[in-house]
Amino acid sequence: MATAVENLDTRVHYLNANYGIKSWLLTTDHKRIAILYLASITLFFVVGGIAAVLIRLHLIEPNGAIFEPGTYNKLFSMHGIIMVFFFMIPSIPAVFGNFLVPMMIGARDLAFPKLNLLSWYVFILGGVLTLYAVIGGGVDTGWTFYTPLSTTYVNTNVLSAALGVFVAGFSSILTGLNFVVTIHKMRAPGMTWFRMPLFLWAMYATSLIQILGTPVVAITLVLVAVERLFHVGIFDPAVGGDPILFQHLFWFYSHPAVYIMILPSMGVVSELIACFAKKRIFGYSFVAFSSVAIAVVSFLVWGHHMFVSGQSIYAGIIFSALSFLVAIPSAIKVFNWTATLYKGSISFQAPMLYALGFIGLFTMGGLTGLFLATLAVDTHVHDTYFVVGHFHYIMVGGAVMGYLGAIHFWWPKITGRLYPDGWARLAAAIIFIGFNLTFFPQYMLGYLGMPRRYAIYPPKFQVLNVMSSAGASILAVGYAIPLVYLIWSMRYGPVAGPNPWGAKGLEWETPSPPPTENFEQTPVVTEEAYAYGAKEVEVG
Amino acid sequence: MQGHVVPKKIYFFVFGALLALTALTTAMAYVNLGQWNTVVALIIACCKATLVVLFFMHLRWSPRLMRVVLLSAILWLAILISLTTTDFFSRDWTPIPEGWESSQLRLPPLPGSLLHRR
Amino acid sequence: MADSHAASALAHQFEDLDQQHDAASLGMWIFLATEVMFFGGLFAGYTIYRNLYLPGFEAGSHMLNVTIGALNTAVLICSSLTMALAVRAAQMGKRNTLVAFLILTIVLGLAFILVKLTFEWRHDYVEGLAPGLNFTKAKSMELFFCFYFLMTGVHALHMVVGVGVLGVLLVQAWKGRFGPDRYNAVETAGLYWHFVDIIWIFLFPLLYLIGGRY
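Residue numbers (our numbering), protein chains in the order written: chain R, 1 to 540; chain P, 1 to 118; chain G, 1 to 214.
Calculated from the structure, these hints are not laboratory results.
Where is the CB? At the ideal position from N, CA and C, for every residue including glycine.
It is possible that some hints are incorrect.
[What the hints assert, rightly or not] Cβ pair distances, simulated, as ranges:
id: 1; chain 1: R; residue 1: Lys22; chain 2: P; residue 2: Lys9; range: 23 to 33 Å
id: 2; chain 1: P; residue 1: Leu54; chain 2: G; residue 2: Val66; range: 47 to 57 Å
id: 3; chain 1: P; residue 1: Thr50; chain 2: R; residue 2: Gln521; range: 24 to 34 Å
id: 4; chain 1: R; residue 1: Thr379; chain 2: P; residue 2: Val39; range: 34 to 44 Å
id: 5; chain 1: R; residue 1: Phe230; chain 2: G; residue 2: Gly167; range: 54 to 64 Å
id: 6; chain 1: G; residue 1: Val66; chain 2: P; residue 2: Leu75; range: 45 to 55 Å
id: 7; chain 1: G; residue 1: Val66; chain 2: R; residue 2: Leu43; range: 52 to 62 Å
id: 8; chain 1: G; residue 1: Val171; chain 2: P; residue 2: Ser82; range: 42 to 52 Å
id: 9; chain 1: P; residue 1: Val39; chain 2: R; residue 2: Leu325; range: 12 to 22 Å
id: 10; chain 1: G; residue 1: Phe119; chain 2: R; residue 2: Phe230; range: 49 to 59 Å
id: 11; chain 1: G; residue 1: Phe119; chain 2: R; residue 2: Ala331; range: 17 to 27 Å
[Unchecked claim] Only pairs whose alpha carbons sit at most 30 Å apart, straight line, appear in this in silico DSS-like list of lysine-lysine:
id: 12; chain 1: G; residue 1: Lys94; chain 2: P; residue 2: Lys8
id: 13; chain 1: P; residue 1: Lys9; chain 2: G; residue 2: Lys94
id: 14; chain 1: G; residue 1: Lys116; chain 2: R; residue 2: Lys114
id: 15; chain 1: G; residue 1: Lys175; chain 2: R; residue 2: Lys114
id: 16; chain 1: G; residue 1: Lys94; chain 2: G; residue 2: Lys116
id: 17; chain 1: R; residue 1: Lys343; chain 2: R; residue 2: Lys460
id: 18; chain 1: P; residue 1: Lys8; chain 2: G; residue 2: Lys175
id: 19; chain 1: R; residue 1: Lys343; chain 2: R; residue 2: Lys278
id: 20; chain 1: G; residue 1: Lys137; chain 2: G; residue 2: Lys116
id: 21; chain 1: G; residue 1: Lys137; chain 2: P; residue 2: Lys9
id: 22; chain 1: R; residue 1: Lys279; chain 2: R; residue 2: Lys343
id: 23; chain 1: G; residue 1: Lys175; chain 2: G; residue 2: Lys94
[As the list claims (entries may be wrong)] Looking from chain G toward chain P, a few residues come up when the C-beta cut is under 7 Å (computed):
id: 24; residue: Gly132
id: 25; residue: Thr136
id: 26; residue: Tyr214
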């Protein structure tokens, strides 16, 4: 049991066990690899965020304030590609999954540590290729690379962007593979499936999607590249090809991909709600199974992106019905989190604010998803700002809030330092306000008929656009504040100790920062997850 | 730690079966079965694949989890192909209204294709 | 002596060799599942277009040489046998047998690739069957040949990678690195190799035998 003020310089832990750049670039320690990912994806978030700021600045004027339409197309395409493939998809799995999966099951590392390092290098290679596409003039097809635009009609850097995404996909696959094997084979004695923290169930479900879905988009991008390079007609109607086949293959991955982006955040929220209500998650097994159900059903609904594409209406009906089905497990989670709060001992530190924000904003985003799943409604709002509002509520209001909540919750464990909670709560509030001001007007814009991916718009939409852009500036400030105090805390923050939140879970039973091997001895688990109010977990 | 060591006899027997099935599928191509040619060829291919998976890849002696992994992959591929096919198969069920038809937009199915057989 | 050999065979994150072996096998099976989906995208496209343009696919398929295809299938099946026997040799600690069977597998794999490149693809190119390069036949066959070259090409790429991996294993086997306690690498490489064989088992009838040859 560490004393109140621990000297971080004398104890050996994973951060100071080795020094020098080689010890970081050649590490196989899952915790160091998590930090490598943290730095990389923060960089990509900034790049994608700059694109977003430029987009919102441009849209202040109905005729476009800054850019030519061609350039505007490149901006939203790069924003999408970088945010989706290089921030959202890796974010929680690559940072918190890597850091926490071994610790939460009581293992010393993942099953394949060297593969883990390889997956980071593959990610960086993909990122470099994509940034080359940005610098080399950009891509303007949208992150969705629809044919025949991407194969035949544009002369922008489709090939290098597609190659960058293709390569990054393998990083995702390898990470998922590592997690599934680790969770199956390396749980500590006594850690049964139903004693695992729900974050692990979420990571497992996410990994299933990564494993089964990503290869399909990989081969699809190969087909696009082949068609571009050799001018063959796989998706070219002149030769009998069908552009809609591209959309089927693309969305077969890309719809489950959005669940790759949200499931980990849901896992985080389960951890946060349990800790800051000091109560076991209500309906643990329902929440656990709902994660797997989301992963499975997510593969059955991709056609809802294609209702107006020329897809057969009968397929549309099937996909619409299945899309309603996939909302159910998500709703189950929201009900269970809410029930957990009832009669809990609730405190409102920064991580909890992010968790509560997630629940509200994700619910709004999810409900608007049902609007979009309804064939008749979608005919009107497809490709409008309604869709943009919908997915930003889920991905930014949901997933990114969950990511920030995870950062604020596990920061003391990762760095051994505490950050100033007052500033953290202020930042959370600013983010919440800025977010809603940015994206709620977009629902209205879409409903009123403003199309997405347009560089200009009718003047009647200007007020709402200006509101949205104003909100974006507030949101940007909100995101910048944590960068400041978190970096500050690494040097000047108070020492955290093993368990500053009084949370349950094996990762809190070891010092902060943890030793390289995670635990002095392999823990033996004797109690259920979230045993708040029960006796301490026996170690060793 | 030794995993299950498979007797050489089993390997050679499976090898012989695989070669025989390859000869069979090649020979069947020269027999006129109409539409059933494809079905027979695929069945034989599945038999061959099953032999390789069970014996060469040791799935017969592997933990159940590996079977679940393999079956899941096959199931997922089936989902991809079947749901995509529902679209293409049912395209023509909805007639396009008068005046909307544009002959440049669609390559009509070639005579003899499955779409015409319905 | 046996202890230190066993200890050095055990990676630090695992508790015992059984766990390590199980993890390696599960890892490779999951990777093969991703490969099923990777090729699966091609099979899905193939299925859609074959159903839409069967006559074109039949015509294209008839231009392929069934004898060479069948022979190549047999070559791969032989290589699967030699690979399985190589794994068996590694399990039993028989270094020379392992080396011999790895060499045989590599040779058979290279033979397959060689036949593909010289007798098939070069011939197809000469005949004007390469879409995007010099395709001169009817448009209806072009899609078939797109998928033919894509599917056999991606398959061949996987074979090349497999041969490379086996080459690395050959060097390690020659140095005596494998034994009853550490043969996971050979076994997992074997799983990959058999999978690539299985892909070809499906490609052969789907590409060469469309519509029959009667």
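Each hint, compared with the structure:
Between Lys22(R) and Lys9(P) the beta carbon distance is about 52 Å. The supplied range of 23 to 33 Å is therefore violated. About 28 Å separates the C-beta atoms of Leu54(P) and Val66(G), a value inconsistent with the hinted range of 47 to 57 Å. Hint check: Thr50(P) to Gln521(R), Cβ distance near 45 Å, so the stated range 24 to 34 Å is violated. Roughly 40 Å separates the CB atoms of Thr379(R) and Val39(P), a value that falls within the hinted 34 to 44 Å.
The hinted range of 54 to 64 Å is not satisfied by Phe230(R) and Gly167(G), whose Cβ atoms lie roughly 30 Å apart. The beta-carbon spacing between Val66(G) and Leu75(P), approximately 32 Å, falls outside the hinted interval of 45 to 55 Å. Between Val66(G) and Leu43(R) the C-beta distance comes to about 54 Å, which sits within the given range of 52 to 62 Å. For the pair Val171(G) and Ser82(P), the supplied restraint of 42 to 52 Å holds, since their beta-carbon distance comes to about 45 Å.
For the pair Val39(P) and Leu325(R), the supplied restraint of 12 to 22 Å is violated, since their beta-carbon distance comes to about 33 Å. Separation of Phe119(G) from Phe230(R) is about 22 Å and departs from the stated range, judged on CB atoms against 49 to 59 Å. Against the hinted window of 17 to 27 Å, the Cβ-Cβ separation of Phe119(G) and Ala331(R) comes to about 59 Å, which falls outside the hint. A hinted pair counts as satisfied when its Cα atoms are at most 30 Å apart, and Lys94(G) with Lys8(P) qualifies at roughly 14 Å.
As the CA atoms of Lys9(P) and Lys94(G) are separated by approximately 18 Å, the hinted pair is consistent with the 30 Å bound. For a cut-off of 30 Å, the pair hint linking Lys116(G) to Lys114(R) is broken: about 35 Å separates their Cα positions. Between the alpha carbons of Lys175(G) and Lys114(R) the distance comes to roughly 23 Å, so the proposed pair stays at or under 30 Å and holds. Straight-line distance between C-alpha atoms of Lys94(G) and Lys116(G) comes to about 33 Å, which puts the hinted pair past the 30 Å bound.
For the proposed pair Lys343(R) and Lys460(R), the alpha carbon gap of about 48 Å is over 30 Å, so the pair is violated. For the given pair, Lys8(P) sits about 25 Å from Lys175(G) by alpha-carbon distance, which is consistent with the 30 Å threshold. Under the criterion of a C-alpha separation no larger than 30 Å, the hint pairing Lys343(R) with Lys278(R) is consistent with the structure, at around 10 Å. For a cut-off of 30 Å, the pair hint linking Lys137(G) to Lys116(G) stands: about 21 Å separates their Cα positions.
A distance of roughly 49 Å separates the Cα atoms of Lys137(G) and Lys9(P); the hinted pair therefore is violated under the 30 Å criterion. Restraint check: the Cα-Cα separation between Lys279(R) and Lys343(R) comes to about 9 Å, which is no more than 30 Å; the hinted pair holds. Restraint check for Lys175(G) and Lys94(G): satisfied, since their Cα atoms lie roughly 12 Å apart, inside the 30 Å limit. Taking 7 Å as the C-beta contact cut-off toward chain P, the hint placing Gly132(G) at the interface is violated, the least distance being around 19 Å.
Given the 7 Å rule on beta carbons, the hint for Thr136(G) is violated: about 19 Å separates it from the nearest Cβ of chain P. Restraint check, Tyr214(G) versus chain P: the minimum CB separation of about 4 Å is within 7 Å; hint holds.
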